[in-house]
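Student: Protein chains in written order, with the working numbering: chain Z, 1 to 123; chain Y, 1 to 386.
Residues from chain Y shown here face chain Z by an in silico Cβ test under 7 Å; the list is partial:
#1 ILE41
#2 MET42
#3 GLY243
#4 SER247
#5 ALA313
#6 PHE337
Restraint-style ranges between C-beta atoms, simulated for each label pair:
#7 Z:ALA50 to Y:LEU232: 43 to 53 Å
#8 Y:SER177 to Z:ALA50: 51 to 61 Å
#9 Y:ASN141 to Z:ALA50: 40 to 50 Å
#10 Z:ALA78 to Y:ASP351: 32 to 42 Å
#11 Y:GLU317 to Z:ALA118: 30 to 40 Å
Hint data in this document are derived by calculation from the structure and do not stem from the laboratory.
Keep in mind that this is a model prediction, so the values were computed, not measured.
For each residue, glycine too, the CB sits at the ideal point set by N, CA and C.
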Amino acid sequence: MTTYYTNEHEWISVDGDVGTVGITKFAAEKLGDVVFVELPDAGKQVKKDADMAVVESVKAASDVYAPVTGQIVEGNGAIVDEPAKVNEDPEGAGWFVKIKLADKGQLTGLMDKAAYDAFCANQ
Amino acid sequence: MSEASTGSLKKTPLHGLHTRLGARMAEFGGYDMPIQYADGIMAEHNWTRTNAGLFDVSHMGPSFLSLPQLGGGDEAHRKVSALVEKLAPSDIAGLAPGKVQLTVLLNETGGIIDDLMIGRPADPARAGMLYIVVNAGTKENDFALIAAAAKGHAELRRADDRALIALQGPKAEEVISGIFPEAVALTFMNFIRLEHTDYGRVLITRCGYTGEDGFEMLIPAEHGEAFANRLLEDHRVKPIGLGARDSLRLEAGLCLYGHDLDETKTPVAASLNWMISKARRERGDFPGAQRILGEIKSGVPSKRVGIKPLGRAPAREGTEVQNMEGETIGVVTSGGFGPTVNGPVAQGYVDTSYAKAGTPVKLLVRGKSLEAEIASLPFVPARYKR
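Pulled out of the complex, with its shape left as it was, chain Y reads as follows (with noise of 0.2 Å):
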């Protein structure tokens, strides 16, 4: 077992901190990362279920799309949006004031170049600004996108220096009420900004990553230790790393990007149709849509499906899937043990004939075949506050 040298890797504002805490470190996304802290993984995926967990997902690539003049109400909301919409097939310029949205950006042949966030200000003072939130290991490359689809008309300012601290859990409702007595309000996929007097300013939006109730928060870099700390002396909160977050996530049937998403994928096979908004369809002007709208009319060859394993063995990555007769149908692009199923959870792509829940396939596990069966998602029930 061999650990790659950290050297080269970029640190997070939280680096300090989960040094000291002891967290097990390895590269995710460019950036050297905790994946798990003493506790271990499945008790820190348990710990996030029944109570609050702390991630720090200051790795991702949270932005803002600004006109040069802020304040225009609709028409200046409409008018950044428009430029987003040329990557983006959901209805950005239909957002209501303080909505996130998750997207994808896509390709001229409709393929997925990243899933992402998008958030229009409930401060009518910023409308035709846009908040959005990208993948750590596709930020170069998505930033460069949007920068150029908005060129001369409106600004993307990076605001990947800062810290990005995900609350996730039943008590997290209790435990930010302490500090953010605002955030209460939010429902999921809505977001604030305000002034803290501890934390400065702070962007917090009600979402996750791991079906469960909880928070987002954007804090300047020179806070976030601070803030993390305060939230990890509350007895209902332990730090949380990116294996609990990868076991929560495919529990709650979440995309992970260069996984289950890729350039090859188009919306319509990884079944997010529900992104693509029927004004957008009407109106045929994003990326690939002949190919996209054609595909949600007559169907699309093969589409990511929820697969469960039917014995205990996990399918990971990789994993082939045959129908009865021992033909390929598919393959899994994540899976492994879920700790709240108590068993191994899967997804991938099968052929569309075999798409439906409940349909008996095999996965080829190290020479074995194995009974599995398709499954719907999400795998554990989500807990959203909507």
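In isolation and in its complexed conformation, chain Z is listed as follows (with noise of 0.2 Å):
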């Protein structure tokens, strides 16, 4: 399993054909207490660098960005649920949702662990 990271702070990690996609720590401490999430249903079509989900603090809503072309497998309810899983652990059980890959290709356009530790620094 491998895990990319956009310049949006989205992180997907590749299990097959399916990827799991959240926010990064990084993002999660700039957005403070998330206090609301809103994920795409099951069976939605989703497109790289498209809005799918929308996350909130209690100042502000933040877009989050689809890394990937591809189909909703599903979303991760618990954080719908209890949206504060998302500052827990936001690249562990804090995840949002699961998506089919369309183009595997996509993901060499994404950073590994080091290129996006070097890009949050110089952010």
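Hints in hand, dock the two standalone chains.
Tutor: Here it is, written out as structure tokens:
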């Protein structure tokens, strides 16, 4: 299983042709306390770099973008019921959706862990 | 997520302290201000509701309007009050010594230029002076207006180079009693001036912007940080940023100028009729009086109300409000998540026929129609010390 990162601070961890997507620890810290999450329904088609979910802190709403094109397999109901899970474990239990990838070739345009850490250091 | 350059922003006397406390800073009203500290908005909000929160509000615009000669008793107070009553609809002349009043500056059509606080000193030797505090983002224009209205009769002296520090929350009184014992006797919307060995000349007002009991203290800039540090040494006190200040005031049903109030709104539309005193209604001698008195008598097309989204999704500023038939009836002017309510809260303007508490409405959030209802304000009961 390999994890990739976007410059919009999403991560995608790929197993076969399904990727689990969430927001990074860096993004969760920037957002602050998450109070509301809106996820796409299973079966929905999402497009790389288009908004697919919403995450809201006390202060503001932010879009979450699809790191790849594909179809939503499932959303993480646990973070809808308990949005604070996103802050507690953003890169684990606080995952957002699972996406069935349409084109695994899109992954090559994303960052690996080292590149992403360097990217954050410059933010 | 980008952060604006803060190079040209003004700094309060507590700026260095915020930086050392690890605050996340951002622009507000032309100042580089703390939005939150390490604990985050939710924890800061809850701390203020249960303990005591320290807020740097030095970006606001405290000032003094004074006749050339002070000490002329009620007559002097009436004289200086008449100057600001040209701009505001409240009974400033009728203020008891030591009392402060929330009011608004009006344009000639009755639109709200700003909301502000005006106080009459308790000390008879200072009769003929008013303590005036305006908002940060509007202060240059406000000061110019007040100075022009007073020209030739009284002088406006700005005090916005000083530190203005608020301590808010159920434990604020206990904390303050150890430093300024005189302040304990103050009730809500009263102020005193005192000399303190360590902090010099201090003005203390029992007021705030959170719905909680608390104090706002105007302190010489050079003592601001030492005073803030003394408060922070108390285990009951934590520093609170503007993020929690906003969620606290939203739950308390208080207005934020530039969002819930602006020049297109009259005090009647803003549901602030109580500011317009009986004496002033009878005299009808404030800007826009004709329109405002007409609105008091015959009603306004739309007015400010509380709006409670019934689900979990917050409705932010600009959200369209619809009736059950899907017709537009208003707009949200501020909205977010209320940590004490533990759910979304908002306020906005709706057609008056829908303004009654309990009326079901819909909110158009990201293209979806969400259930909500008109709610009476505040969302969290005030705990002022009357």
